[in-house]
Amino acid sequence: MAERSRVTPTESGSWARSTAAATLVGIGLMAAVDEIVFHQLLQWHHFYDRSTPTVGIFSDGLLHTAELIAVVAGFFLLADLRRHGRLVPASAWAGLILGLGVFQLFDGIVDHKVLRIHQIRYDVDLLPYDVVWNAGAVLLLVIGTVLALRVRRRMAGPSR
Amino acid sequence: MSIVLAHSASEPSGLDWLPVLLSIFATMAYLVAAARAGRTPTGWSPLRTAAFVTGMVLLAVALSPTMAARAHHDIRVHMVQHLFVGMYAPLAITLAAPVTLLLRSAPLGSRRRVAAILRNRSLHLLGHPLTALLLNIGGLYLIYLTPLYALATTNETAHIAVHVHVLAAGYLFTWSIAGPDPAPRRPGLAVRLTVLVVAGAAHSALAKLLYAQASHWPAGVTISPVATRDAAQLMYYGGDLAEVLLAVALFAAWYRRRARRVTAVPGEVATPA
Numbered sequence: 004m005a006e007r008s009r010v011t012p013t014e015s016g017s018w019a020r021s022t023a024a025a026t027l028v029g030i031g032l033m034a035a036v037d038e039i040v041f042h043q044l045l046q047w048h049h050f051y052d053r054s055t056p057t058v059g060i061f062s063d064g065l066l067h068t069a070e071l072i073a074v075v076a077g078f079f080l081l082a083d084l085r086r087h088g089r090l091v092p093a094s095a096w097a098g099l100i101l102g103l104g105v106f107q108l109f110d111g112i113v114d115h116k117v118l119r120i121h122q123i124r125y126d127v128d129l130l131p132y133d134v135v136w137n138a139g140a141v142l143l144l145v146i147g148t149v150l151a152l153r154v155r156r157r158m159a160g161p162s163r
Numbered sequence: 100m101s102i103v104l105a106h107s108a109s110e111p112s113g114l115d116w117l118p119v120l121l122s123i124f125a126t127m128a129y130l131v132a133a134a135r136a137g138r139t140p141t142g143w144s145p146l147r148t149a150a151f152v153t154g155m156v157l158l159a160v161a162l163s164p165t166m167a168a169r170a171h172h173d174i175r176v177h178m179v180q181h182l183f184v185g186m187y188a189p190l191a192i193t194l195a196a197p198v199t200l201l202l203r204s205a206p207l208g209s210r211r212r213v214a215a216i217l218r219n220r221s222l223h224l225l226g227h228p229l230t231a232l233l234l235n236i237g238g239l240y241l242i243y244l245t246p247l248y249a250l251a252t253t254n255e256t257a258h259i260a261v262h263v264h265v266l267a268a269g270y271l272f273t274w275s276i277a278g279p280d281p282a283p284r285r286p287g288l289a290v291r292l293t294v295l296v297v298a299g300a301a302h303s304a305l306a307k308l309l310y311a312q313a314s315h316w317p318a319g320v321t322i323s324p325v326a327t328r329d330a331a332q333l334m335y336y337g338g339d340l341a342e343v344l345l346a347v348a349l350f351a352a353w354y355r356r357r358a359r360r361v362t363a364v365p366g367e368v369a370t371p372a
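Protein chains in written order, with my numbering: chain A, 4 to 163; chain B, 100 to 372.
These aren't lab readings, by the way, just hints derived from the structure by calculation.
Among the hints, a few may not be true.
Said to hold, decoys possible - Chain B stretches covered by chain A per the calculated footprint, using a threshold of three residues with CB under 8 Å from any CB of chain A:
(1) 208 to 218
(2) 244 to 250
(3) 283 to 297
Unchecked claim - Cβ-Cβ distance ranges computed for the label pairs, FRET-style:
(4) B:V156 to A:V134: 31 to 39 Å
(5) A:V36 to B:A128: 45 to 53 Å
(6) A:R85 to B:L202: 33 to 41 Å
(7) B:S221 to A:D126: 36 to 44 Å
(8) A:K116 to B:A352: 50 to 58 Å
Stated by the list, open to error - From chain B, some residues computed to sit far from chain A (all C-beta separations above 12 Å):
(9) L117
(10) L120
(11) M127
(12) L130
(13) T141
(14) P145
(15) A150
(16) P164
(17) V179
(18) S221
(19) H227
(20) A300
(21) H302
(22) T321
(23) L340
Glycine included, every Cβ here is placed at the ideal spot set by N, Cα and C.
Work the whole structure out from these sequences, hints included.
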């Protein structure tokens, strides 16, 4: 609500909002991909891992619920920007990729390593999996950042 | 009442059809009022009418004698019942805006009485998303993690009370989060979103607990853990879908409100057409 007062309907305001709204969608989508591919199809880690404490169950549920709402919220924010002619599609794509990377890195570091809610696989050497998982996340973040900054530079250019 | 208590699940009685009859009666009343409201200049959206009919069909199916008899023996059928009665029917009925329709159709005296109820302080407290959350999800924890489930399968009064509570609490929660009906002193979007996230988390956590402890819960009944796990998965994924639909309802209302607000505030529109 705070940005309502300071953001004037300029291109840079649209840049930030388009990026942020799509980042929300990206975070939710990557969480959903994780759940569908790894929990349900491959069944590498589960719906519920038996080693998980009760607190872990609740935090996992919180993450899962937040992910669904993030996708819905993000789409409505994008629709609202588009309706007012403020959507910057290139920023939105950059935001989407950033969001994918943000969630994957969060999952890889916080869920897998810090909270140990679940691991990618069990009864295997985890190192290669962790490296691929987190390197993939960093790659997505780099691509997203480069795209976002390119759009911003292009937009800031003519006005200066 | 003694007849009700003596009645067992195997012998049908007239009371078994009561939920279906009530659904039909409510549908007729709504259709008559909607038809009358439709003839006024402001009209009445056919989508709202469709939502109400959907909600009543879901209720009638879930509480029909056939489903009730099957749910008695199979926790999976019971869980489908729970999803219909506690989540999908309340969502459809909420979106049908029955209170708005009532306010437009009822005679002046009744309208005043409804308005007075809506202004009542205890209703504001009851209708706060947090209260609704406690009644709704708290009720579910009581049903599945205490001997209440076992009691409801043997005691007819407890059985009816549980169904009535699940429906009423589900409706109250849906209305407090995203109802188009008048809701005085409804908290802002941030509070309602937070409550929705917590509710979804608590619902999925309960489903996971049931899945993990399928041999322990529900307490006091002998159900194969396989059936309980299936029911827990139904609860988990069915709950997800209901929650997404509720989030869509909430944001759709926000999207419509913003269209009005943005065009109403001068200087807010980026490109005045």
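Verification of the supplied hints:
no.: 1; hint: 208 to 218; result: violated (count 0)
no.: 2; hint: 244 to 250; result: violated (count 0)
no.: 3; hint: 283 to 297; result: holds (count 4)
no.: 4; hint: B:V156 to A:V134: 31 to 39 Å; result: violated, 53 Å
no.: 5; hint: A:V36 to B:A128: 45 to 53 Å; result: holds, 46 Å
no.: 6; hint: A:R85 to B:L202: 33 to 41 Å; result: holds, 35 Å
no.: 7; hint: B:S221 to A:D126: 36 to 44 Å; result: violated, 57 Å
no.: 8; hint: A:K116 to B:A352: 50 to 58 Å; result: violated, 40 Å
no.: 9; hint: L117; result: holds, 35 Å
no.: 10; hint: L120; result: holds, 37 Å
no.: 11; hint: M127; result: holds, 35 Å
no.: 12; hint: L130; result: holds, 31 Å
no.: 13; hint: T141; result: holds, 25 Å
no.: 14; hint: P145; result: holds, 24 Å
no.: 15; hint: A150; result: holds, 19 Å
no.: 16; hint: P164; result: holds, 34 Å
no.: 17; hint: V179; result: holds, 19 Å
no.: 18; hint: S221; result: holds, 30 Å
no.: 19; hint: H227; result: holds, 20 Å
no.: 20; hint: A300; result: violated, 4 Å
no.: 21; hint: H302; result: violated, 8 Å
no.: 22; hint: T321; result: holds, 23 Å
no.: 23; hint: L340; result: violated, 9 Å
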